[in-house]
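Chains as they are written, first to last, in our numbering: chain A, 1 to 171; chain B, 172 to 719.
There may be inaccurate statements among the hints.
Unchecked claim - Cβ pair distances, simulated, as ranges:
1) A:W170 to B:K223: 32 to 38 Å
2) B:G253 to A:R35: 32 to 38 Å
3) B:E330 to A:R35: 37 to 43 Å
4) A:R169 to B:T364: 30 to 36 Å
5) B:G710 to A:D161: 20 to 26 Å
6) B:T364 to A:T66: 47 to 53 Å
7) A:P70 to B:P481: 28 to 34 Å
8) A:G65 to B:G632: 25 to 31 Å
9) A:K61 to B:K421: 27 to 33 Å
10) B:K706 to A:K61: 53 to 59 Å
11) A:G65 to B:K223: 36 to 42 Å
For the record, the hints were derived by calculation from the structure and aren't laboratory data.
Cβ coordinates follow ideal geometry from the N, Cα and C atoms, glycine included.
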Amino acid sequence: MKEESATPERKSASAKQPPEDHRLRMVNRTMQLYRNQSHALIETLHAVQESFGYLEEGVLKHVAGTLRVPLSRVYAVATFYHSFTLKPPGEHTCVICMGTACYIGGSGAILGDIKEKVGIGSGETTPDGKVSLLVARCLGSCGLAPAGVFDGEVAGKLSPDNVIDKIGRWR
Amino acid sequence: MTLNIEDLHQIAKIEQDTQQGFQHRINVCVAAGCLSCGSGVVKDALAREVGKRGLDNWCQVKGVGCLGLCTAGPLIALEVGGRFYQGVKVADVADIVEALGASPVDRLLYPDDSAFFQRQLRIVTENCGRIDPERIEEYIAESGYEGLYLALTQMTRQEVLGQVTESGLRGRGGAGFPTGLKWTTVAKTVDSTKFVICNADEGDPGAFMDRSVLESDPHRVIEGMAVAGYATGASQGFIYVRAEYPLAVKRVRMALSQAERMGILGNNIFNTNFSFNIKVRLGAGAFVCGEETALIASIEGRMGRPRPRPPFPAEYGLWEHPTLINNVETFANIPPIIRHGGKWFAGIGTEKSKGTKVFALAGKIVNTGLIEVPMGMPLREIVYEIGGGIPEGKRFKAVQTGGPSGGCIPQQFLDMPVDYDSLMQVGSIMGSGGMIVMDESSCMVDVAKFFMEFCMSESCGKCAPCRVGTRQIYDILCKITAGGATTEDLATLEDLCDLVKHTSLCGLGQSAPNPVLTTLNYFRDEYLAHIHDKKCLAGACKTAKEVS
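Chain A on its own, in the form it takes in the complex (with noise of 0.2 Å):
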């Protein structure tokens, strides 16, 4: 499981005022879509990171609050599955399958390039912000292994150099 914690030097103004931030309009909708009930904790937590990027803390309070579920059990849920961060990503994302398929058709030494080459890890983003690397379970692609996503489209036959090359020119 993963061990995360929010960074709130970054914290946005929305934090302070939630109610009247645009973002937070489909996060609302989503919770009175279930009029509110618990159970819809997963779904309004993907609309939160839809909407921010990742669950801000101060989000995670209003949703705790509307759909009466103890904060603790907000957090639970946020950090049990991996889809959901709580620290902000980068200006882009790249997502790099580490599936069967892909493992053997050779994303380790890509992910080795990558830290090598770029200096971020799994779950990382540069310091300057602009580029986040994430590993994907199965991307479901495996008849391209191995493959990946750039800012939300998917690329398959990757290799070292043109993975490289890709984020170069993001920064």
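Following the hints, put chain B in place on chain A, whose structure we already have.
Positioned in the frame of chain A, the structure of chain B alone reads:
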């Protein structure tokens, strides 16, 4: 709006007439695999080209679900003539349209005599690559929802249960529990609220069958679930699908709203007193949620941690009500079973494993992609004929089935028929259907380590054998691959595997040692080479000796 059978036939007829009005039909695969190599752009370019030449009424261009051969994407099927074009680029579009009605474009043609397409038997994927998954009319034109209509209007619940039991269908999620028995158990419970859940949390790395079915033919799964709802007495269904499959989620949501609009889902379906609704729930990236009790916890909005069984979800499931949980592929088998009868289905496959199985072929194999074959087909036929063998003239080493819960099957079992029981005998499992082929360049200890790392980080942490045991096993495997292990470590490894296998709470822990056990069994020499000679036979690991 309430439909009857005439309406269904009418929709089907209109759709078929429209299709037949075209002299040529170009089907472009727009499932995730081909989309990621640019099939979306190719499809638009084709449509533009056809429009530019004023051939709109003569040639149809449509996006279809998975054609199966992901390695040759973007893939295009010409319905007239039945040929395939592979690796199509936008630059090829003009030539393709030009060649319609004349001789095909040779440089793009996929070989006609390829066993890949000819040796398959398609039941679950019969519509994949033929219909536009985003239009319900095309599904209806292929006898879609006729099975549901038959079940609701002409069969009693008992008869539906009887057909499913007679078919001999076993759960396609991996364990192979008889579907008829599961349905009957839920049907027998006395409770006014029951649920049907479709498990689309396809977490096994290397498996993408469920994704392809949902992306290519979502209505089939919806129909299967509705039949299950009728047979078991449930009126609410959930599809629990991975958030990592955005396209599948989009198409399922689209299919649900189309079915609701036509009155195929909702209240009083087909003018009967049966009502059924389906909601989508997104997973959030936890492998353990494929386990049914963990999946239920996740739908309830909690951490996906399993609980001891019994009581089984069939009696005590979602919000403490009886709940039927089946895999995507299991539900996808239901409509043809209802249409053709259980006996027809039971005539396919082997004595104890009926029907077909969809496999995702990946790894070191020429034809990676999705295939569907009858149960009992020898492994050799799948790997060498349909799969086209190992690329670059390398030697076959093993095939891994069942993901992190399965095992590695070595060469001596290549002639084994692929069915639930044979796979179990050699220490692996059917699993959800991922098949990853490895050649001589893969180190089996490294592969075992890969799976153990997976299980270790996916362990939910509830029970100690799994939480601590997988970590200990992983550490020993690291030590072996680094060339620092002794013979005692090997004995400890075997003890630990036995312990984790027999004392873990749920399937994740109980099956986590399988990759280690099978590789220890069939590739012990590789473990010994790492330990005694500090050498990796495949040259994949950097052992102590090689580093120094």
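Inset, instruction - Indicate whether the distance between the beta carbons of B:G710 and A:D161 respects the range 20 to 26 Å. - result: holds, 22 Å
Inset, instruction - Please test the hint of 30 to 36 Å on the beta carbon pair from A:R169 and B:T364. - result: At 54 Å between Cβs, range violated.
Inset, instruction - With 53 to 59 Å as the target window, see if B:K706 and A:K61 comply at their CB atoms. - result: This hint holds: roughly 56 Å between Cβ atoms.
Legend entry - Range hint 27 to 33 Å (beta carbons of A:K61 and B:K421) holds or violated: Distance hint for A:K61, B:K421 holds at roughly 31 Å.
Legend entry - Beta-carbon spacing of A:G65 to B:G632 - inside the hinted bounds 25 to 31 Å or not: holds, 28 Å
Inset, instruction - Confirm or reject the claim that B:E330 and A:R35 have a C-beta distance inside 37 to 43 Å. - result: holds, 38 Å
Legend entry - Hint check for B:K223 and A:G65 - Cβ pair distance inside 36 to 42 Å: violated, 58 Å
Legend entry - CB-CB spacing for A:T66 and B:T364 relative to the 47 to 53 Å hint: The hinted range 47 to 53 Å is violated for B:T364 and A:T66, with Cβ atoms some 26 Å apart.
Inset, instruction - Please test the hint of 32 to 38 Å on the beta carbon pair from B:G253 and A:R35. - result: Check failed, 52 Å falls outside 32 to 38 Å.
Legend entry - B:K223 and A:W170 - C-beta distance against the hinted 32 to 38 Å: holds, 36 Å
Legend entry - Hint check for B:P481 and A:P70 - Cβ pair distance inside 28 to 34 Å: With a Cβ separation near 30 Å, A:P70 and B:P481 satisfy 28 to 34 Å, so the hint holds.
The earlier numbered hints that this structure contradicts are 2, 4, 6 and 11.
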